[in-house]
Amino acid sequence: MIARLISSLLLVLLLATPLRAEMLRMAVTTSFANSGLADILLPEIARDTGIELQLLIVGTGQALRLGAAGDVDAVLVHSREAEEAFIAQGHATHRREIMYNDFIIVGPRHDPAHVAGAGSAAEAFARIARAGAPFVSRGDDSGTHRAELSIWSRAGVTPSGAWYRATGQGMGAALNTASGMGAYILTDRASWLNFSNRADLVLLVQGDPALFNQYAFLPVNPARHPHVRAQEAALVEAWLTGPRARELIDGYRLHGQQLFHFNATPMVTK
Amino acid sequence: MVTNLLPLRITDLELRRAGRRILGPISLTLEGRGITVVLGPNGSGKTSLLRAMHGLERLSAGRIDWACGEAVARARQAFVFQTPILMRRSVLDCIAYPLVLDGVGRRAARAAARAMADSVGLTGVALDAPASVLSGGERQKMALARALIRQPQILFLDEPCANLDNASTREIETVLLRESARGVRIVMSTHNVGQARRLADEIVFLFAGRLHEAAPAREFFAGPATPEARAHIAGDLPT
Amino acid sequence: MNDIVSGLTQAVRLIATLDANLVEISLRSLQVTLSATVIASALGLPLGAWLAVSRFRLRRVVIATLNALMGLPPVVVGLIVYVMLSRSGPLGVLGLLFTPTAMIIAQVIIITPIIASIAHQAIRELWADYHDLLISLHTTRAQRVATLLWDSRRALLTASLAGFGRAIGEVGAIMIVGGNIDHATRVLTTAIALETAKGDFAMALALGFVLIGLALAINLALHVLSGTERGSRW
Ligand SMILES: Nc1ncnc2c1ncn2[C@@H]1O[C@H](COP(=O)(O)OP(=O)(O)O)[C@@H](O)[C@H]1O
Ligand SMILES: [Mg+2]
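Residue numbers (this note's numbering), protein chains in the order written: chain A, 1 to 270; chain B, 1 to 239; chain C, 1 to 234.
To be clear, the hints were calculated from the coordinates, so they are not data collected in a lab. Just so it is clear, the structure is predicted and the values come from calculations on it, not from any experiment. We put the beta carbon where it would ideally sit given N, CA and C, even for glycine. Do not take every clue at face value.
Per the computed footprint, the stretches of chain A lying under chain C, defined by three or more beta-carbons under 8 angstroms from a beta-carbon of chain C, are [said to hold, decoys possible]:
no.: 1; region: 54 to 64
no.: 2; region: 166 to 177
Over 12 angstroms on every C-beta distance to chain A, these chain C residues come out as not near it, computed from the model [unchecked claim]:
no.: 3; residue: Ile63
no.: 4; residue: Ile80
no.: 5; residue: Leu126
no.: 6; residue: Ala142
Using the sequences and the accompanying hints, generate a full structural model.
Here's what the structure looks like:
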């Protein structure tokens, strides 16, 4: 009786294994995935190119490591220095800029460090440090984390002390922590707009060009990893730099706000 | 039927457990046919001796030799334990189990088990019910049927009627006499003198782990060799 | 409290409308976990039985190892499987990382010790009961293992279900080796982690309730199908 049960179960499981179409595995950053833009782009890419895009949602650091190990076929990240090092080490053939979005600084409504009036992101960070107001950092080597560190260095502050809390987690978890503590935090706009557990947090600083956040597409080098799907990567790259992508990216709205600005140069066929 | 299995020679057998000698030294030869009854009071070593003969006990000293060698002998004997071992199966499947081990198909094995249940008087019982629903007497009959189903040449029984009422005791004794008449060599233990008188062709009398006497039943009851044996037959309590 | 209520309502709504996403990730949860449970049972149950009937020098070491493995943090298992299956790892050529197969492998490693250990306990007790009978009937080692497995099948069902319960609620390891890819390796637990990360506690709770319901339904179904309640005297 149990034997019959198990064998029929196995049969069901075998039949349930789906057939795979053409596929491209891409590591993308949390901020991109959380924006909801992926949900718009993926079906369109599948329809236009026949390629099913599988997204691994990780921090920039891990995305690049996945690419270096050959575990993904391409990465879509936002940390220029790291990307250039990645290419220099031969992990990718090139980087292609696709679009940018922006970071914002959010914090408690009563704003104890008075950052709302600060002229720049660096000035806002300097005020937070001076006030010793709680600040939550991703602390996870993500693109957002790297952007945060570059603002600290611009502000001339080495953040440390009880007020500076590194969570080592994704954007959502870090936002949860900040809302729980009533702390300041640097976040991408999309994650913020999608975040529903805001409690006392409000948007305080935006618009400084230092907060702009450039996304680039990097196909993993097939010379390094012969198994990567280079052809599919090229097709997706062409699509992402094309007119349909421009229309969808610039047209995407979250809670009535434009998140991404398309700035790719169309691919020249080699 | 018992051609090359016997004699069974026991030489200087000793069992020591927990630093204490519980049996022996015993030297004894079993041969021929009929029913051998190992008689003795509780704790005298009857169970230990039967289990040793059947190969269930590690010997501390001495040897047990079958005429045909250990491997052949083991395949032709069966053991009925004092407390029947119930499997988590139906009565019928418990009885059929040894045949299933031998590779007999389930259908044929169950048919044979049904016939065997009948022949040991396990009637009026739902054979498809779990074995655990059986009463004490029925459990013994089940165990007996399971032991007989491989048609062993030697059958060991350890106090098969220890906790049974008279009717059940009688039924089991009838089966044993019948099997003995068919040529099955029976070696059984009991502390019950009456049962020994009714069944035994030969008596092995144990007392405090020692072999006091091994003799034809008539001889033993006519003139027991030791005072302990005499007292046991008379039903006296040891002083 | 508010989140719990809205989580419950959302769960009801998702189930009532047979939300396509919910159905997909629930089915994948079942596929991965049931496969892992079947494989881990096929390995763990005979291992437990074999450990019960065998006497060899390293037996205690093996049993101690099993018990230690039961407490192994799933994240560690996930990391090890990840490193093995990564393209730059020893089994990279198989291309299994970020597939349901990788998740099944991780879960098998996590629950096999649990299933083997519980099976070992149950079978050891039965072996104590059956020992004399099975020796007397001069059974082979394989026959003993087979008999003990069959006759303790209800206890073994419990062992397998314990493994199933551990696997279906597991998130750390399968997040690492599966990658939580939408439409490919996303299952209930990783979806819950994702919704929690997004701060959508109501959705996360809704999925959590579905997970609990699913685990309950599977347990009940298996118990009914195997007639555990009927054969209570066995
Ligand atoms: N494994 C054992 N360890 C210690 N003592 C034992 C063991 N087995 C039997 N004995 C002792 O050996 C004696 C004989 O036991 P047994 O053969 O069962 O006697 P009987 O069957 O005649 O009642 C008893 O005193 C019993 O307590
Ligand atoms: Mg006894």
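Outcome of the hint check:
Note: the region 54 to 64 of chain A has 4 residues with beta-carbon separation from chain C under 8 angstroms; the three-residue rule is met and the coverage holds. Proximity of the region 166 to 177 of chain A to chain C, defined as three or more residues with a beta carbon under 8 angstroms from a beta carbon of that chain, is established by the 7 residues found. Taking the minimum C-beta to C-beta distance to chain A, about 26 angstroms, the non-interface status of isoleucine 63 of chain C holds against the 12 angstroms cut. Every beta carbon of chain A lies more than 12 angstroms from that of isoleucine 80 of chain C, the smallest distance being close to 15 angstroms; the non-interface claim holds.
Distance to chain A confirms leucine 126 of chain C as a non-interface residue, since its nearest Cβ pair spans about 16 angstroms, more than 12 angstroms. The claim that alanine 142 of chain C lies off the interface holds: its Cβ sits roughly 17 angstroms from the closest Cβ of chain A, which is beyond the 12 angstroms cut-off.
In summary, the structure agrees with every hint in the numbered list given earlier.
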